[in-house]
Each structure stands twice: as C-alpha cells, then as structure tokens.
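Please build the complete structure, drawing on both the sequences and the hints.
Protein chains in written order, with the working numbering: chain A, 1 to 180; chain B, 1 to 180.
Since the hints were made in silico from the structure, they are not lab data.
The beta carbon of each residue, even a glycine, is placed where N, CA and C say it ideally should be.
Accuracy of the hints is not assured; some may be wrong.
DEER-style ranges, computed between Cβ atoms [as the list claims (entries may be wrong)]:
{"no.": "1", "chain 1": "B", "residue 1": "19", "chain 2": "A", "residue 2": "95", "range": "27 to 35 Å"}
{"no.": "2", "chain 1": "A", "residue 1": "76", "chain 2": "B", "residue 2": "64", "range": "53 to 61 Å"}
{"no.": "3", "chain 1": "A", "residue 1": "27", "chain 2": "B", "residue 2": "175", "range": "17 to 25 Å"}
{"no.": "4", "chain 1": "A", "residue 1": "98", "chain 2": "B", "residue 2": "150", "range": "33 to 41 Å"}
{"no.": "5", "chain 1": "A", "residue 1": "40", "chain 2": "B", "residue 2": "91", "range": "29 to 37 Å"}
{"no.": "6", "chain 1": "A", "residue 1": "158", "chain 2": "B", "residue 2": "39", "range": "26 to 34 Å"}
{"no.": "7", "chain 1": "A", "residue 1": "27", "chain 2": "B", "residue 2": "1", "range": "31 to 39 Å"}
{"no.": "8", "chain 1": "A", "residue 1": "63", "chain 2": "B", "residue 2": "75", "range": "37 to 45 Å"}
{"no.": "9", "chain 1": "A", "residue 1": "93", "chain 2": "B", "residue 2": "39", "range": "51 to 59 Å"}
{"no.": "10", "chain 1": "A", "residue 1": "158", "chain 2": "B", "residue 2": "63", "range": "28 to 36 Å"}
{"no.": "11", "chain 1": "B", "residue 1": "22", "chain 2": "A", "residue 2": "163", "range": "27 to 35 Å"}
Protein chains: 2
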Amino acid sequence: MTTGHVFMAASLDGFVARLDHALDWLMKQKTGGEDHGYDTFMENIDGLVMGSGSFKTVIGFDDWPYKKPVIVMSGSMSEKDIPADLMDSVKLTRLGPKDIMSSLNREGWKRAYVDGGKIVQSFIREGLVEDITISHIPILIGSGIRLFGEIDQDIDLQLQSSRTFGSGLVQSHYTLLKNS
Amino acid sequence: MTTGHVFMAASLDGFVARLDHALDWLMKQKTGGEDHGYDTFMENIDGLVMGSGSFKTVIGFDDWPYKKPVIVMSGSMSEKDIPADLMDSVKLTRLGPKDIMSSLNREGWKRAYVDGGKIVQSFIREGLVEDITISHIPILIGSGIRLFGEIDQDIDLQLQSSRTFGSGLVQSHYTLLKNS
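Next up, the structure:
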C-alpha cells in the first residue's frame, strides 16, 4: 500500500492555518537561509494528496509550487475549477483516504505527501500515515485549523530526531506506531 | 510584579490532560532515569498558582508533591475542601490573575509557577507569563484540556533552547515576547 507522509509547519498551539486558511503568521517568520529539509522531503515522494481548502490556497500563490502530481480530495469541485495549465498535474477525487491510497498504489506510488489539516487528520485516523515531520513555529495564534484532530484511540509515536533553527523553529520527526 | 512561569508536559496534539483530567497517557511514558529539569525549575519559584481541577487531581495522589506554597483559584471551593494537613501550605483565592500577581508581589514572591491548562491560558492572555517550558510527549490523544487557548492577538515567542530525551520527549523553552 502507498504510505502517507506528513511534513507540516504548525504554530506552537497546534494550528496549520488560521480559520480562513491564512498563513501570514508563518510567512512573517525570519527563516531566510534555513534549510528545513523540504526539498529533500519532496524528492522522496511520488505526489501529493490535499483537500480543496489547501488547493485553493495554493492556486492563490504567484506560482504553482509543485513538480509532482497532486490529488485533490473534494466532494464539490469539478474539472472546471482546475486552471487549464494544471490539468495535467492535478486530479480530483471523491474517494476516501483508503480507496485513494489503494488507487495510488495501483498507479505505482510508494510514498504520498499528505497535506492540509483536515486531510492529515483523516489519514491519521485511518492508519495511513507512516511518519510526521512537524516544524513548530514560535508563535501562538489562538485559533485556526488544527494539525491534529479527534481520534478513536491514542496513537503512540516514536521520536526519530529533532533539531532547531536560528529562527526558533523546532522540527521533530516521528513515526506512528500501529496500535494493534 | 511577580512573573509567571509555565513548566508543562503536553501530548503532541497539545493537551495537558484528558477532559476528565486523567494523566494515564503521561504516566505510562518510559521516562525512568531522565532528568527533565523539574526539580531545578521548582527550586527557582516561590510557589504555585493552580486551578481547582489541578488541585483536585493532585490531592488524589498518594503524597502531596509540593514543598512550596500553593494558591488555588476557585470560585466555588471553601476552606473545608482543603485537607487539614495542607491548611498551612494551600490558600484559596477568588481573585483574577492580575490581582493574584499583585497580591503575591506584596508577599515577596518573585516567580510563580502557573499550572493547569485553563489557568495557564488565562495568565498568558493577561500577559503575566514570562516563559514556558513545554515537554512534548510522543503521543496523540485526540481530545482533552488544551495547554493553549483562545487569545485576542498573536503572541510571538522566542526559542531559548530545545532538547530531546531517550523516551521521545522533546522539551523546548520559550520566552514570551510582549506585543506592544
């Protein structure tokens, strides 16, 4: 089965974006010159799975940031919501997490980048995430879209490594232990 | 003014206790032999401020764990709720965070340990917390009492240091920057 991998920044109080998806609190961080390992992470995935909220945020950027295929989970979007120049690299799906991973597995994906707060939550709940790299940003924003959500039972993690950056970012890499 | 200091463990998803105040997820961690700096922290405070929820959890322990005075914030508890052997070390107050700190300042306290999720939130909101040491435990528990709560505006932090332990605990020390 294709494995899910999470690489996310979150405020110290656990939010990946404000409620309106804004990332101003993240963008203002003085991280210039720091290599947080994002490029290396991206080289080692076959593509991305994200929700419509994240997708809409990303198409608002000046440039499309991804070189790998992107699967957008949405029950309401249609092909016409995808800009013409992205038709080759973006696909919509109405499948749930498990069916998406089965489908990607058949297409030869080994590792999928699972992105966006709500999507990450649903993939974690269904046991489809193998590891999480979380970069804690030194700010409290009080409310927003949570990185982690409700779960049926505790999920134990194993810390693989942790490192800090001059900007105050603390990046920790965890694998998820299967609760059998 | 007396300064507030926070030294808390939280699940990676940001909870300091389950909704019923249970700490089983924390107690099960294999941290034997690790010195997380708690004793050193306790030596450098003049006493503790906590809520009635934390107090009720702590008096359920086999032994009273504190050698320093404890102020319990509660609108409903009365002297009869305090065990007789703790009458000398525990005081109840109905004051709010700012008035408590003014009062403690008059009594000569320089540094107060601010403990318990809801209490920490209210002291942070009122700008009474100088620094936070947060130990992230490698587990997701999904729901519970949050370490951080709603705030009126963002609070920037400055990372002072971060270290990891063999148990998978990541402990980071932040000072809170005053938003002027």
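Legend entry - Pairwise beta carbon distance, residue 63 of chain A to residue 75 of chain B, judged against the given window 37 to 45 Å: The hinted range 37 to 45 Å is violated for residue 63 of chain A and residue 75 of chain B, with Cβ atoms some 55 Å apart.
Inset, instruction - Could you see if the CB distance from residue 76 of chain A to residue 64 of chain B stays within 53 to 61 Å? - result: Given a distance of about 57 Å, which is inside 53 to 61 Å, the answer is holds.
Inset, instruction - For the range 29 to 37 Å, tell me whether the beta carbons of residue 40 of chain A and residue 91 of chain B fit it or not. - result: 55 Å, violated
Legend entry - Hint check for residue 163 of chain A and residue 22 of chain B - Cβ pair distance inside 27 to 35 Å: Holds: the Cβ-Cβ distance is about 32 Å, inside 27 to 35 Å.
Inset, instruction - Note whether the CB distance of residue 27 of chain A and residue 175 of chain B lies within 17 to 25 Å or breaks it. - result: 23 Å, holds
Legend entry - Hint check for residue 95 of chain A and residue 19 of chain B - Cβ pair distance inside 27 to 35 Å: 33 Å, holds
Legend entry - Consistency of beta-carbon spacing, residue 1 of chain B to residue 27 of chain A, with hint 31 to 39 Å: 34 Å, holds
Legend entry - Assessment of proposed distance window 33 to 41 Å (beta carbons of residue 98 of chain A, residue 150 of chain B): Given range 33 to 41 Å: holds, Cβ gap about 35 Å.
Legend entry - Distance restraint hint 28 to 36 Å, applied to the beta-carbon atoms of residue 158 of chain A and residue 63 of chain B: 32 Å, holds
Inset, instruction - Go ahead and decide if the range 51 to 59 Å is satisfied by the Cβ distance of residue 93 of chain A to residue 39 of chain B. - result: 53 Å, holds
Inset, instruction - Can you let me know if the beta-carbon spacing of residue 158 of chain A and residue 39 of chain B is within 26 to 34 Å? - result: 27 Å, holds
In terms of the numbered hints stated before, the structure departs from hints 5, 8, listed from lowest to highest.
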